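Undergrad: Protein chains in written order, with the UniProt record's numbering: chain W, 1 to 606; chain P, 1 to 316.
In short, the hints are calculated from the structure, not lab data. Take the hints with a grain of salt, since some may be wrong.
So the derived label-pair ranges between C-beta atoms look like this [stated by the list, open to error]: (1) W:564 / P:297: 53 to 63 Å; (2) W:151 / P:117: 52 to 62 Å; (3) P:264 / W:30: 28 to 38 Å; (4) P:136 / W:23: 30 to 40 Å; (5) P:313 / W:474: 52 to 62 Å; (6) P:140 / W:430: 22 to 32 Å; (7) W:162 / P:60: 48 to 58 Å; (8) W:52 / P:230: 18 to 28 Å; (9) P:162 / W:226: 33 to 43 Å; (10) W:361 / P:136: 37 to 47 Å; (11) W:412 / P:140: 21 to 31 Å.
A partial selection of chain W residues facing chain P, derived with a Cβ cut-off under 10 Å [said to hold, decoys possible]: (12) 198; (13) 374; (14) 382; (15) 406; (16) 410; (17) 574; (18) 588; (19) 591; (20) 592; (21) 594.
It should be emphasised that the depicted structure is a prediction, and the values quoted were computed from it without experimental measurement. Ideal Cβ placement from N, Cα and C applies to all residues, glycine included.
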Amino acid sequence: MRRLWFPAAIVGLIVLIAALAPLLPLMDPVRQDVANRLVAYVPGSPMGRDEFGRDVMSRLIWGARSSLAVAFASAAIAAVIGTALGLLGGWFRGLAEVLAIRGADVVLCFPPVLLALLVVTLLGPGTGTLILVLSVLYLPGFIRVSFAEVLSARGQDYVEAVRALGARTPRILLRTVLPNIAGPVLVQVSLAVASAVVLESGLSFLGLGVVPPTPSWGLMIRGARATMEQAPMLLLWPCLALTITILAMNLLCDAVRDVADKRGGGGAPRLRLVDRLLPGLFPAPAAPQPLLDVQGLTVEIAVPGGIIRPVEDLGFRLDAGRTLAIVGESGSGKSMAATAIMGLLPPAARVAAGVARLDGEDLLRMPEAARRKLRGGAMAMVFQDPMSSLNPVHRIGDQVAEAIRAHRDVPPAKASAEAVTLLKRVGIADPERRARAYPHELSGGMRQRVMIAMAIANKPRLLIADEPTTALDVTVQAAILDLLAELRREEGMGLVLITHSLGVVAEVAEDVVVMYAAQVVERGPVAQVFGRPLHPYTRALLAAVPDGDVEPEGIPGVVPRPDRWPPGCRFAPRCAFATVACETPPPLEEVQGQAVRCVRWRELSA
Amino acid sequence: MWWLAKRIGLSLLLMWVVATIVFLALHMVPGDPAEMLLSTGGAMPDAYAIQELRERLGLNRPILEQYGAFLMGLTRGDLGTSLVDDYPVAEEIALRLPRTLELILAGTMLAVAIALPAGTFAAVRQGGAFDRAASALAAVLQAVPVFVLGTLLILVLAQWLRWMPAGGYTPFAEDPVRHLVLLSLPAIAVAKGLAATIFRMTRASVLDALSRDHVRTARAKGLTPQRVLRRHVVRNALIPVTTVLGLQMGTLLGGTVLVEYVFNWPGLSTPLLRAVEARDYPMVVGIVITVSGLFLLINLAMDLIYAALDPRITRS
């Protein structure tokens with residue numbers, strides 16, 4: 001809001017001074033006094049006199065009056081007529097729409113100044129001509145805005161409701177639709193006024209706008225040009241007045257637009273990239289060394305209310321050639337954990353603690369340059385949405401080849417050939433032709449195959465797949481999972497599969513990590529965890545899987561937001577077995593190769 | 001290709017609309033257009049002069065015949081003759097249009113060359129010193145009207161510092177160095193508004209592109225930050241910038257009229273302003289149609305660039 005008040009105050013002050021010009025103790029702005037031509041100062045004229053001995057200050061203020069009068073009048077006329085045309089066009093559609101929208105398009109065919117000059121030729125210069133021309137120029141803006149808003153308003157429930165009540169069209173338009181499009185129209189008014197001041201001054205400067213001797217900033221600059229050497233201030237005052245007015249109006253427009261849009265937030269706060277903490281003193285990994293060893297991984301995001309932790313103390317191990325699944329509902333922190341391991345966290349988030357060792361090297365404390373060499377090389381990732389994850393403006397073959405050339409010194413032609421082989425490898429028919437296609441020309445399943453081709457381009461040791469099948473059809477899902485399983489077997493890579501589908505986990509994974517509200521709640525071999533779930537959350541998830549003709553039991557409620565986590569067990573509010581004991585945070589306990597975070601697991605599994 | 005044919009067809013259609021509007025404008029004036037053009041400051045023009053002007057403009061022929069003759073003339077490149085000196089309008093335009101084009105081209109190149117890298121850099125270092133300084137400068141530049149900037153440039157660089165001539169024109173063949181010196185100030189003035197807009201748009205667009213999923217994919221491939229920026233951020237960010245550039249061209253052409261006036265650059269604006277003042281209708285019409293045609297042509301070019309940047313346009 002602060003951004004709104006400052007420019008609004010300046011614009012308000014300028015408008016106020018201009019409006020009060022006749023009441024202010026000013027000299028007559030058109031009275032000439034040849035004896036005092038171009039003097040810098042005489043009593044009563046603090047800004048001096050112009051080339052005809054007229055008082056500069058008085059002319060500046062009266063000039064504001066004529067500029068603003070033209071600007072507000074034309075913006076008001078354009079707003080009333082344009083909004084009316086847009087409303088009618090949007091409401092009645094058909095011929096009204098064609099006339100309103102095509103009419104607006106015609107005006108937009110002309111560069112504005114040229115159209116203005118054409119009209120000035122016909123009608124002669126003057127304030128009336130100016131207002132006419134400017135209102136015509138700003139009509140299209142109002143027509144388009146109100147047209148678009150009416151179209152969307154027409155479908156809204158409240159309009160439907162009033163219509164169903166039998167209200168007459170004019171009444172609906174005036175009482176129901178108009179108040180709701182006021183925001184965008186107001187934005188358009190502020191834009192039109194600011195732009196009208198610019199155009200009016202420009203035309204007056206050319207001597208084709210306001211007619212002398214009426215004072216106007218454009219005319220003052222025009223007049224002062226001839227004497228700029230003797231009296232530069234004469235030129236500078238109107239230049240300054242004009243620039244400050246337009247600047248304040250532009251800032252006001254931006255602010256009004258932000259308020260009316262409600263979407264234009266100030267953006268995420270910029271965070272200082274704090275140096276990573278000192279390397280943790282974790283015990284040396286036990287032999288044999290796992291492919292990926294994650295311990296105590298914690299991710300923090302600073303938000304206006306404080307710090308939230310979307311991932312907290314996450315730990316798991318993955319051996320080469322095996323598959324580990326991370327499951328949990330949306331908002332449990334699965335994806336955030338994966339992007340942290342890859343070093344792809346969004347700018348607002350940072351790793352606060354933990355290690356993630358790939359072949360014994362800690363990915364989290366490694367310099368970015370070294371990690372970049374591993375990304376797409378030794379470790380690769382497949383993302384959830386293959387539509388947005390491919391760049392729409394490059395051919396898919398090029399995007400795959402780019403992954404190859406980022407890590408290996410291969411000539412372009414050879415990389416392209418290899419890209420085709422990769423596309424074939426992931427099961428894309430006619431790979432030579434498909435390599436030349438753009439992402440939007442492929443189906444969702446095809447795109448995800450391309451993403452996988454890209455990920456395996458450099459034979460990664462570790463592949464992280466973040467919900468690789470959620471955006472796809474069921475039949476395609478199975479095919480993609482088969483492909484991943486096959487690649488893992490044949491290439492011997494370790495696969496981390498992030499999913500919310502327990503069916504998928506049972507089918508492809510050997511180990512599973514169950515996450516809830518940033519924490520690991522249960523971890524262990526799939527057969528063991530699914531056969532004997534220790535945590536009530538895991539049980540609830542398993543119960544929610546449709547199984548034959550048994551009705552799935554949904555878990556009541558949703559994952560709480562990271563800033564609203566319960567102080568004790570985070571699942572307690574949704575847990576059927578919660579007791580007083582659950583109000584203190586439970587530790588993660590290790591039991592026979594399985595880990596569980598629940599104080600009551602012993603009683604419950606008995 | 002079909003897409004291209006449709007787009008060109010649309011441009012031709014718009015050109016016809018422009019010509020028709022310009023033709024009709026004279027007839028939409030309330031009262032007798034000839035009388036209108038001759039009247040200055042309320043004084044009644046004499047009947048003989050009105051009659052003569054009606055003949056000259058062909059106003060006493062049936063309106064459809066006039067319209068047909070006007071459109072036929074346009075297709076042959078015949079825009080009539082000036083009311084002031086009988087000089088063919090088309091010849092006057094042919095002499096001056098190249099100079100205006102040169103100015104627009106120089107201004108646009110300057111604006112793009114400065115604002116694209118500056119906008120990208122400001123976005124990448126969002127909130128940094130450069131970003132804040134450049135954003136503030138862009139806001140001020142957007143607020144200074146083009147003729148104010150031109151006049152101030154003359155005041156400071158020509159009058160006070162005497163580094164530059166205040167304006168004028170020398171043909172390139174005569175003295176290339178002086179030609180370019182004289183071109184520089186008007187080109188800066190033409191570039192200012194466009195540069196401010198391109199800067200703001202590029203900055204916003206790059207910021208938006210940086211947060212896209214495909215940028216994360218590019219990083220996941222292990223590309224160098226420079227390559228991610230060039231191929232996956234800037235390349236995509238250019239698409240909305242092009243759209244805005246096309247929309248700004250109308251303002252740019254209008255600004256050029258003012259700049260030419262301020263710097264005495266002998267492009268289309270000199271005869272245009274002279275003709276508006278003298279109510280020389282055929283000359284005004286000729287220039288308005290030419291510049292509007294130029295406007296449509298630039299927009300067509302922008303659409304082609306847009307299509308080249310975004311494969312989703314033509315191939316879907």
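Undergrad: Give a verdict on every hint.
TA: Structure-based check of all given hints:
1. W:564 / P:297: 53 to 63 Å: Roughly 59 Å apart at Cβ, these two residues keep to the hinted range, so it holds.
2. W:151 / P:117: 52 to 62 Å: violated (39 Å)
3. P:264 / W:30: 28 to 38 Å: With Cβ atoms ~30 Å apart, the hint holds.
4. P:136 / W:23: 30 to 40 Å: Cβ of residue 136 of chain P to Cβ of residue 23 of chain W: about 36 Å, so the range 30 to 40 Å holds.
5. P:313 / W:474: 52 to 62 Å: violated (33 Å)
6. P:140 / W:430: 22 to 32 Å: Since residue 140 of chain P and residue 430 of chain W have Cβ atoms about 56 Å apart, the given range 22 to 32 Å is violated.
7. W:162 / P:60: 48 to 58 Å: holds (56 Å)
8. W:52 / P:230: 18 to 28 Å: violated (58 Å)
9. P:162 / W:226: 33 to 43 Å: Violated - the Cβ-Cβ distance for residue 162 of chain P and residue 226 of chain W, about 18 Å, lies outside 33 to 43 Å.
10. W:361 / P:136: 37 to 47 Å: holds (45 Å)
11. W:412 / P:140: 21 to 31 Å: violated (45 Å)
12. 198: The hint holds - residue 198 of chain W has a Cβ within 10 Å of chain P, the shortest such distance being about 5 Å.
13. 374: Since chain P brings a Cβ to about 7 Å from residue 374 of chain W, closer than 10 Å, the hint holds.
14. 382: holds (9 Å)
15. 406: holds (5 Å)
16. 410: violated (14 Å)
17. 574: Since chain P brings no Cβ nearer than about 31 Å to residue 574 of chain W, farther than 10 Å, the hint is violated.
18. 588: violated (30 Å)
19. 591: violated (36 Å)
20. 592: violated (37 Å)
21. 594: Since chain P brings no Cβ nearer than about 32 Å to residue 594 of chain W, farther than 10 Å, the hint is violated.
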